[in-house]
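Residue numbers (the numbering used here): 1 to 140.
Please keep in mind that the hints were generated in silico from the structure rather than gathered at the bench.
Even for Gly, the Cβ is constructed at its ideal location relative to N, Cα and C.
Treat each hint with caution, since some may be false.
[Said to hold, decoys possible] Listed next, with one range per pair, are the computed distances between beta-carbon atoms:
id: 1; residue 1: Gly37; residue 2: Asn16; range: 21 to 29 Å
id: 2; residue 1: Ser127; residue 2: Ala92; range: 28 to 36 Å
id: 3; residue 1: Asn16; residue 2: Ala57; range: 17 to 25 Å
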Amino acid sequence: MNPDLHGEFKRIELFNQQKDLATTTNGTGVDVQKYHGWGKVILVGEGTDGGGSDTLALTLESSDAVGGTYAAETLYASPGGVASPFTTMTEAVAVDEERYINLDALKNKFLRAKATIAGTTPKFNFSVQMIAWGRRLPVS
1 MNPDLHGEFK RIELFNQQKD LATTTNGTGV DVQKYHGWGK VILVGEGTDG
51 GGSDTLALTL ESSDAVGGTY AAETLYASPG GVASPFTTMT EAVAVDEERY
101 INLDALKNKF LRAKATIAGT TPKFNFSVQM IAWGRRLPVS
């Protein structure tokens, strides 16, 4: 039996804690085949420069390989609810939000977060985590 997954919740780090991030950045692809159902994605962050005109938009993308081409995935306000992306973060507005992603309907097996940053002097601190249900694996 695989000791790693016994049908329990797991925390998956999609973007480790970023400090003073100033340019568009992609997280590392995470193999999510061992998870199923609705994953809860949590974004916590704030701008640190105080300019107010700089922005950070966070999206999730999937690919069939870690280094492959990534395509956007849909986030939802609640499991089975309406599509709802994260609020665009500004340097004047902190974000503490959760969204959901249907792991059973992903286009590909690797999932990553993408932080698209714009503005003249952007600096953002943020973290993105996902809580997901591990698949029950057959006893070997």
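Evaluation of the provided hints:
Hint check: Gly37 to Asn16, Cβ distance near 24 Å, so the stated range 21 to 29 Å holds. At roughly 20 Å, the beta carbons of Ser127 and Ala92 sit outside the given window of 28 to 36 Å. Under the hint 17 to 25 Å, the C-beta atoms of Asn16 and Ala57, about 19 Å apart, fit the expected range.
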